[in-house]
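Chains as they are written, first to last, in our numbering: chain A, 1 to 203; chain B, 1 to 203; chain C, 1 to 203; chain D, 1 to 203.
To be clear, the hints were calculated from the coordinates, so they are not data collected in a lab. Each residue gets a CB set at the ideal place from its N, CA and C atoms; glycine is no exception. Check the hints yourself; a few may be wrong.
What the hints assert, rightly or not - Computed cross-link-like contacts, DSBU-like style, restricted to lysine-lysine with a CA-CA straight-line distance of at most 35 angstroms:
{"id": "1", "chain 1": "D", "residue 1": "Lys-52", "chain 2": "B", "residue 2": "Lys-42"}
{"id": "2", "chain 1": "A", "residue 1": "Lys-52", "chain 2": "B", "residue 2": "Lys-52"}
{"id": "3", "chain 1": "A", "residue 1": "Lys-42", "chain 2": "B", "residue 2": "Lys-52"}
{"id": "4", "chain 1": "C", "residue 1": "Lys-52", "chain 2": "B", "residue 2": "Lys-42"}
{"id": "5", "chain 1": "D", "residue 1": "Lys-42", "chain 2": "B", "residue 2": "Lys-42"}
{"id": "6", "chain 1": "B", "residue 1": "Lys-42", "chain 2": "A", "residue 2": "Lys-42"}
{"id": "7", "chain 1": "C", "residue 1": "Lys-52", "chain 2": "A", "residue 2": "Lys-52"}
{"id": "8", "chain 1": "B", "residue 1": "Lys-52", "chain 2": "D", "residue 2": "Lys-52"}
{"id": "9", "chain 1": "B", "residue 1": "Lys-42", "chain 2": "A", "residue 2": "Lys-52"}
{"id": "10", "chain 1": "A", "residue 1": "Lys-42", "chain 2": "C", "residue 2": "Lys-42"}
{"id": "11", "chain 1": "C", "residue 1": "Lys-52", "chain 2": "D", "residue 2": "Lys-52"}
{"id": "12", "chain 1": "C", "residue 1": "Lys-52", "chain 2": "D", "residue 2": "Lys-42"}
{"id": "13", "chain 1": "A", "residue 1": "Lys-42", "chain 2": "C", "residue 2": "Lys-52"}
As the list claims (entries may be wrong) - Cβ-Cβ distance ranges computed for the label pairs, FRET-style:
{"id": "14", "chain 1": "B", "residue 1": "Asp-32", "chain 2": "A", "residue 2": "Lys-42", "range": "21 to 29 angstroms"}
{"id": "15", "chain 1": "D", "residue 1": "Gln-66", "chain 2": "B", "residue 2": "Asp-32", "range": "42 to 50 angstroms"}
{"id": "16", "chain 1": "C", "residue 1": "Lys-42", "chain 2": "B", "residue 2": "Ser-51", "range": "22 to 30 angstroms"}
{"id": "17", "chain 1": "D", "residue 1": "Asp-11", "chain 2": "A", "residue 2": "Lys-42", "range": "55 to 63 angstroms"}
{"id": "18", "chain 1": "C", "residue 1": "Gly-43", "chain 2": "B", "residue 2": "Asp-32", "range": "17 to 25 angstroms"}
{"id": "19", "chain 1": "B", "residue 1": "Gln-130", "chain 2": "A", "residue 2": "Asp-32", "range": "37 to 45 angstroms"}
{"id": "20", "chain 1": "C", "residue 1": "Gln-130", "chain 2": "D", "residue 2": "Ala-69", "range": "32 to 40 angstroms"}
{"id": "21", "chain 1": "A", "residue 1": "Glu-53", "chain 2": "C", "residue 2": "Gly-43", "range": "17 to 25 angstroms"}
{"id": "22", "chain 1": "D", "residue 1": "Pro-146", "chain 2": "C", "residue 2": "Pro-50", "range": "16 to 24 angstroms"}
{"id": "23", "chain 1": "A", "residue 1": "Ser-51", "chain 2": "C", "residue 2": "Arg-118", "range": "51 to 59 angstroms"}
{"id": "24", "chain 1": "D", "residue 1": "Asp-11", "chain 2": "B", "residue 2": "Gln-130", "range": "57 to 65 angstroms"}
Unchecked claim - Not the full set, but computed from the structure, chain A residues with beta-carbon under 8 angstroms of chain B:
{"id": "25", "residue": "His-27"}
{"id": "26", "residue": "His-99"}
{"id": "27", "residue": "Leu-152"}
{"id": "28", "residue": "Ala-156"}
{"id": "29", "residue": "His-170"}
{"id": "30", "residue": "Pro-178"}
{"id": "31", "residue": "Ala-180"}
{"id": "32", "residue": "Thr-183"}
{"id": "33", "residue": "Leu-184"}
{"id": "34", "residue": "Gly-191"}
4 protein chains.
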Amino acid sequence: MQQVRARARRDSILEAALRVFARAGYHLASVDAIAREANTSKGGVYFHFPSKETIFLLLLDRAASQLRARAEAAIAAERDPVAKVEAALWTVLDAFSAHRDLARLFLVEGAAAGQRIRERIDALHAEFTQLIRDQLDAAVAAGAIPPIDTALVAQAWFGALNEVVTGWAHADQPSSLPEAFWTLRRLFLRGVGIDPDFGVEPA
Amino acid sequence: MQQVRARARRDSILEAALRVFARAGYHLASVDAIAREANTSKGGVYFHFPSKETIFLLLLDRAASQLRARAEAAIAAERDPVAKVEAALWTVLDAFSAHRDLARLFLVEGAAAGQRIRERIDALHAEFTQLIRDQLDAAVAAGAIPPIDTALVAQAWFGALNEVVTGWAHADQPSSLPEAFWTLRRLFLRGVGIDPDFGVEPA
Amino acid sequence: MQQVRARARRDSILEAALRVFARAGYHLASVDAIAREANTSKGGVYFHFPSKETIFLLLLDRAASQLRARAEAAIAAERDPVAKVEAALWTVLDAFSAHRDLARLFLVEGAAAGQRIRERIDALHAEFTQLIRDQLDAAVAAGAIPPIDTALVAQAWFGALNEVVTGWAHADQPSSLPEAFWTLRRLFLRGVGIDPDFGVEPA
Amino acid sequence: MQQVRARARRDSILEAALRVFARAGYHLASVDAIAREANTSKGGVYFHFPSKETIFLLLLDRAASQLRARAEAAIAAERDPVAKVEAALWTVLDAFSAHRDLARLFLVEGAAAGQRIRERIDALHAEFTQLIRDQLDAAVAAGAIPPIDTALVAQAWFGALNEVVTGWAHADQPSSLPEAFWTLRRLFLRGVGIDPDFGVEPA
DNA sequence: TATGAATGAGCTTTCATTCAT
DNA sequence: AATGAATGAAAGCTCATTCAT
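Generate the whole structure from the sequences, applying the supplied hints.
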């Protein structure tokens, strides 16, 4: 029973930390502020977690696996290789735009937070790039897409998504993300040689 | 004569600051470390610059205008609209990859460094996106490219370039920059409806 | 229980700060020195108080209200208007001479300590001058003292008291406070037209 | 010839320092600001003076001896003992009110400026108190004033003058110093048993 | 478990003073 | 004589982390 309570406390601290990090960024988020947001004390935070960095890392991992799970589910729900590719992209774009602050936090902010965190952020980038790449590879293998350096394409796509979403977060560009999606979809698919409306284009 | 020395010192502090910022990020770079790297004292740094933030901003502006100048020169050297587009892209890619640490510093790291710096980083993103967009608009106007949301495309391309280059530090991909260029070029141009080998594709 | 300890610590920091301020003056009193004097650390001081200035202001207010309370009590204990005037003077003189270092600190030293503190010191001067003046006004209204510019008189008296007491630290004069009181009493009262021994003098 | 120039430079630095000290107070007056005000450089200041403190002390002494000279002249110009007393008072009040900023600087501000300066400020107080006291003693010896603790009276008068003038400097009290003089004169003289209009009062 | 007081290293910045030129 | 670059010892303040209760 006590363990249940402890677990709940731990989770509430994590939620609070997420909010504070998202609001203030890694450096400006003080442990005090996190404790206050979680309605506990600094000591309470340190009882559950060994350091501020650890909390950030935990949140990072949690966000990453949630996103991964969603993406994998979306991909699994499609049969067609190209549709799987699109599912991967759409899930990422969708998740980013639903949680702009987190996207900013983990994709941008986190990069200024010291060696350890940096490395994991890079790993996260790599992971999602890989996820997209896997779908591309499958599509290439299935002949749905002409051969191409899929690693590079995945990386480029990920970066494009990232920029568009984080740009959207604080400017007004683009004004509407859903509309942007259709343009990006065209841009991406035609880029790899698919006519988004009729399948593979003739050479 | 003293002025010459002072100018040299000032420059050496700027160089040192650039190295330290690139190595540690804005927050983790202490003025002490910058002074040490420049073989001077903290007071010396403050004699030449009013604040750490000012130094960062100065470096940022310097890098931005160098890149802008290069890009504009490269664009001006081409006549064909599509070639101008390619020139813009290539310059950015080239510059970024020659100074990956700076690209990381100014495009990623700096975004977590406080209001003033954030604003200028955003402005920098906007500026280079605009630079690319201008070429796209010209190409569309010239009929070299079918109509498209050029703002979004420029943003996506910028993000793609950014990600590919800053991702380089840790991955093994791409093995070579020129190769990557050809892939990206194809990806980008086909994305907007140009056959990179034969010009505009038939609808 | 912890709160008791915290309160005690807080108070001990205040006492320590008072000693250090009195010894060194506002500017020369470092927070480090205050912490050392209070057998705690700089961080400890800042845990209990938000700034050095706040501490000074707190001490200032505390001293002022203690003095005010004493003076008001002494005044209330008298019925005769002239006796009230004397009570105000005596209380101030007594308090100042019992805490010469504080008088010096708050009446003299503090005046060079920045806008906020200056304003409050001025207010303190004004307050005690006013306190004396009120008694003078009452005495004038009661016909115990001939009409006079009571504001100016109160100011002059306050300054005289201040100088006599703060000057003590270095001179040998006056040998004894009670003796000084009788001299000052005579000086002050005769100055406003009262024979200190027989009441109002004939015109 | 060069010595003449050096002397002029030295003096111009002193004047500049006086202005800066009066404007900003001892602590806030930086040597840089003094150099700038004197149209020279920090090094120039240090060529002529060994330290900031020395400069302040020099100015203090200079102001003190100027005031002393004026007071002594004014005193010497009178024959009557009581008139001499009044001359001393009036000179001090006059000087203070003509140079409010300096009065504030040397009588108030300076007190927060470290041991050495503090001691000299005290000496200055003592000196002027002594000057007034000497006239009082002479008046007592001449039978113009009944016996009294002249040291204490002089101190009280000095303090009263000081408070009235410095109060005048930043509040509006008293509204007119010349008017205040007549009130103070009455206050002071009657205090020591002199009817300011008809000489010594009957016991 | 949880609290919050306490620590101390670290930060940016200021400035009196020194010194090569 | 004079300059102004350079120094370095502070200063006030913040905050991740520790620890007695």
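If any of the earlier hints don't hold here, list their numbers in rising order.
-> Hints 22, 23, 26 and 30 contradicted; others consistent.
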